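**Q** What follows is the residue order along each chain.
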Amino acid sequence: DFLHICKQCFILWLREKQFSLFFCEVQPNETLTNLKAESDTLKTKLEDERAKLHDVELHQVAEKVDGLGQFIMKTRRTLKGHGNKVLCMDWCKDKRRIVSSSQDGKVIVWDAFTTNKEHAVTMPCTWVMACAYAPSGCAVACGGLDNKCSVYPLSLDKNENLAAKKKSVAMHTNYLSACSFTNSDMQILTSSGDGTCALWDVESGQLLQSFHGHTADVLCLDLAPSETGNTFVSGGCDKKANVWDMRSGQCIQSFETHESDINSVRYYPSGDAFASGSDDATCRLYDLRADREVAIYSKESIIFGASSVDFSLSGRLLFGGYNDYTINVWDVLKGTRVSILFGHENRVSTLRLSPDGTAFCTGSWDHTLRIWA
Amino acid sequence: MERVIVAMQDPDMGVKMRNQRLLITVIPHAMTGNDVIEWLIQKYNITEEEARHLGGLLVQYGYIYPLRDPRSLLLRSDDSPYRFQTPYFWTSSRWPASELDYAIYLAKKNIRKQGELVDYEKENYSILHKRINHTWDFVVMQAREQLRASKQRRKADRIVLECQEQAYWLINKPCVNMPLYYHYTTTIQLRYYYYTTIIHRRALGRNRVKSSICLESFMKYSEQYLHHDPIMSGCLPSNPWISDDTAHWTINTDMVGTPTRLRVERWSFSFMELLNDSMGRREFMIYLEKEFSAENLCFWVACEDLRHGESSKIILKVEEVYKNFLAPGAARWVNIDSKTMERTLEGIKRPHRFIMDDAQMHIYFLMKKDSYPRYLKSELYKNMLAKAIVPQETKKSVFPFMRRQRHSSPSPAMVTQATEDDGKAKGAGPTGTSSTTNSQI
Numbered sequence: 001d002f003l004h005i006c007k008q009c010f011i012l013w014l015r016e017k018q019f020s021l022f023f024c025e026v027q028p029n030e031t032l033t034n035l036k037a038e039s040d041t042l043k044t045k046l047e048d049e050r051a052k053l054h055d056v057e058l059h060q061v062a063e064k065v066d067g068l069g070q071f072i073m074k075t076r077r078t079l080k081g082h083g084n085k086v087l088c089m090d091w092c093k094d095k096r097r098i099v100s101s102s103q104d105g106k107v108i109v110w111d112a113f114t115t116n117k118e119h120a121v122t123m124p125c126t127w128v129m130a131c132a133y134a135p136s137g138c139a140v141a142c143g144g145l146d147n148k149c150s151v152y153p154l155s156l157d158k159n160e161n162l163a164a165k166k167k168s169v170a171m172h173t174n175y176l177s178a179c180s181f182t183n184s185d186m187q188i189l190t191s192s193g194d195g196t197c198a199l200w201d202v203e204s205g206q207l208l209q210s211f212h213g214h215t216a217d218v219l220c221l222d223l224a225p226s227e228t229g230n231t232f233v234s235g236g237c238d239k240k241a242n243v244w245d246m247r248s249g250q251c252i253q254s255f256e257t258h259e260s261d262i263n264s265v266r267y268y269p270s271g272d273a274f275a276s277g278s279d280d281a282t283c284r285l286y287d288l289r290a291d292r293e294v295a296i297y298s299k300e301s302i303i304f305g306a307s308s309v310d311f312s313l314s315g316r317l318l319f320g321g322y323n324d325y326t327i328n329v330w331d332v333l334k335g336t337r338v339s340i341l342f343g344h345e346n347r348v349s350t351l352r353l354s355p356d357g358t359a360f361c362t363g364s365w366d367h368t369l370r371i372w373a
Numbered sequence: 001m002e003r004v005i006v007a008m009q010d011p012d013m014g015v016k017m018r019n020q021r022l023l024i025t026v027i028p029h030a031m032t033g034n035d036v037i038e039w040l041i042q043k044y045n046i047t048e049e050e051a052r053h054l055g056g057l058l059v060q061y062g063y064i065y066p067l068r069d070p071r072s073l074l075l076r077s078d079d080s081p082y083r084f085q086t087p088y089f090w091t092s093s094r095w096p097a098s099e100l101d102y103a104i105y106l107a108k109k110n111i112r113k114q115g116e117l118v119d120y121e122k123e124n125y126s127i128l129h130k131r132i133n134h135t136w137d138f139v140v141m142q143a144r145e146q147l148r149a150s151k152q153r154r155k156a157d158r159i160v161l162e163c164q165e166q167a168y169w170l171i172n173k174p175c176v177n178m179p180l181y182y183h184y185t186t187t188i189q190l191r192y193y194y195y196t197t198i199i200h201r202r203a204l205g206r207n208r209v210k211s212s213i214c215l216e217s218f219m220k221y222s223e224q225y226l227h228h229d230p231i232m233s234g235c236l237p238s239n240p241w242i243s244d245d246t247a248h249w250t251i252n253t254d255m256v257g258t259p260t261r262l263r264v265e266r267w268s269f270s271f272m273e274l275l276n277d278s279m280g281r282r283e284f285m286i287y288l289e290k291e292f293s294a295e296n297l298c299f300w301v302a303c304e305d306l307r308h309g310e311s312s313k314i315i316l317k318v319e320e321v322y323k324n325f326l327a328p329g330a331a332r333w334v335n336i337d338s339k340t341m342e343r344t345l346e347g348i349k350r351p352h353r354f355i356m357d358d359a360q361m362h363i364y365f366l367m368k369k370d371s372y373p374r375y376l377k378s379e380l381y382k383n384m385l386a387k388a389i390v391p392q393e394t395k396k397s398v399f400p401f402m403r404r405q406r407h408s409s410p411s412p413a414m415v416t417q418a419t420e421d422d423g424k425a426k427g428a429g430p431t432g433t434s435s436t437t438n439s440q441i
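Protein sequence lines correspond, in order, to chains A and B. For the first sequence, position 100 matches number 100 in the numbering used here, and the numbering has no gaps at all. For the second sequence, position 292 matches number 292 in the numbering used here, and the numbering has no gaps at all.
For the record, the hints were derived by calculation from the structure and aren't laboratory data. Wrong hints could be hidden among the right ones.
What the hints assert, rightly or not - The calculated lysine-lysine pairs, modelled on DSS-like cross-linking and capped at a C-alpha distance of 27 Å, are: (1) B:K210 with A:K334; (2) A:K117 with A:K85; (3) A:K52 with B:K313; (4) B:K220 with A:K64; (5) B:K313 with A:K93; (6) A:K85 with A:K36.
It should be emphasised that the depicted structure is a prediction, and the values quoted were computed from it without experimental measurement.
Just chain A, with the same shape it has in the complex:
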């Protein structure tokens, strides 16, 4: 949509005045056709290079692994309390608490084990599309159509108005699609409908780094569990999944094989790969060292988009929440579907594994959250 591209560039132009980006100065004598031709040639060359080292498929290597038996997972808890579509959720490090946000602006902190609600905040905007729990468990971050990401310290005093202590951290020029704390309570990573991701200092609200490269809305992000802990992956409406260096702001890898918007990205537990879920009804696995897509998880009978994905602790299973109200469980290595879970009465919008891998939680447009184990 070129109107969108115009808006994007205007923003970039503004930003360029403030921060020097890695968009290089365009050579005046390079015509558009020449550049386009060069870009296309390089792309073909890249695909050839990638293909050269692709000597085996994942399911072939996985032939020697035992197949998975019958899989029984049930809803163990149903959390009712949201008055409208649940859009996002996140786990606390204590393995039992969660925060969830919904279309009516409510953000609720639950003890999912007892199903008690512990805190509730009403945001001044609707469609709170992103929420995250701080690593310390003392705060939550959320945002959506207000274009901001705000941090609420969780007060112990039940009578205290949480909204009063709210701290505005991130400011985008379009809706906030996802947010995540980095290793501490002090920094937040955000992605937005304005096509950018950004890293913020919570205390001062200062922008520490911005990430430009998507040519449409960025819908999701995930931080890498790597040793040197400095990268993250983002997925967007431009069908691209980009891997970024948090320190320099550069896009270090890019994958474009999906046929539609990428709604969710999640790293494989080892950090060497990541999975993505998309509106094209497939989930895909991308290997970072091989620099290519290595598996597609799809079935002819699945025609609705995948909204949210996560791995089990060992990385053997991939759980996908879909827009057809179901959850499909995939064998990551063999590429087959192991199980399909029913229960929600509307789209599954968010899905996350608990920190110790004992269960996963799903949030849905049917106003509820479910814990599965």
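Given chain A, work out where chain B should sit, using these hints.
**A** Frame of chain A, contents of chain B only:
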């Protein structure tokens, strides 16, 4: 969409074309709305509703335009005449519509007949007039030339061309309210392709690993962690979500006296696993102290704190780190290679969050390659492993319908606060609310 259009224009199998009457003039190669719908139903074996929907989209995107009432982009299922838009004007082949062309088009309309411009067109016209005033002479000149050329055409052709152009601009009119728009259209594209070129070049320069090696590592990882994955292998004594018993969590807390066997085993999977577990980190520190190399881990922890801490404390923290670990004669001096040390000391003059990255990585890999493997072979670790507990699996309760009481746990926020103010020394016992009472919010 274009595939459909091309099929529709096939002389044998396409939509029936006739000469259509438009008021007095006869327009060649036109068709009725009804024809279009009929053809779609036939060709794609769809219902009338779907055909109308699809046909409507074709009009909205500009591939077919109405001859009568051209401003209304609807497909009427009667004998209203329609025509195919010439490929020159297809939305996909032009990117994006130029401001200059639009200005010329509006000028033509204005000259041809005063008052022909509609409200929003008048607005756009005046905005453009202001913005590209320097080339306005050119615009007017072009408009006049084009009008003169079209006067020499047959009336039927002229009407057709006018309709084509009008349809095109209806759909593709550029947004003139953006500042510096004209400058941008080419800049956008140039930047986009320049950027993708850089990305592709960078990608080509990357070292790739063979698929067989990468994929093999997934097998290994899944196998290694199989028994640690509660969903795959269950967990001991039981999964809290299934049995309502929180024992599994209680025996795996940070402060527990004796860790579980699985937990201690996991420390041997990778250095990161050891460091990520606070108990593992504690044990490793004890080991390093015995080896007189504890300063390495302390340094690493201090660097992590710097990297992830508040921006306001950066300068202070860098000074601390320098004083404690890097300065000559420092109490806990760390052994970094001279080049890294030089670079770090130079960088400290202008401290920022990542200034210790190189040094931190050096020490991390030092520990990983040297101290960590020795720790795993040490008595300290072996003893830990030996006395680690393997919990009994909880037998399924005899009366499965009797649900256990689900107890609350202290909120992490509460625990942190309690350790801060010395008042509530015990950090709050369980608040003891049963699952039947819901807190009122």
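**Q** Against each hint, give a clear statement of whether it holds in the structure.
**A** Against the structure, the hints:
Among the hinted pairs, K210 (chain B) with K334 (chain A) is consistent with the structure: their alpha-carbon atoms are about 19 Å apart, no more than 27 Å. Among the hinted pairs, K117 (chain A) with K85 (chain A) is consistent with the structure: their alpha-carbon atoms are about 17 Å apart, no more than 27 Å. The straight-line distance between the Cα atoms of K52 (chain A) and K313 (chain B) is roughly 49 Å, outside the 27 Å bound, and the hint therefore fails. The straight-line distance between the Cα atoms of K220 (chain B) and K64 (chain A) is roughly 12 Å, inside the 27 Å bound, and the hint therefore holds.
For the hint pairing K313 (chain B) with K93 (chain A), the CA-to-CA distance comes to about 25 Å; that is within 27 Å, so the pair holds. Under the criterion of a C-alpha separation no larger than 27 Å, the hint pairing K85 (chain A) with K36 (chain A) is inconsistent with the structure, at around 43 Å.
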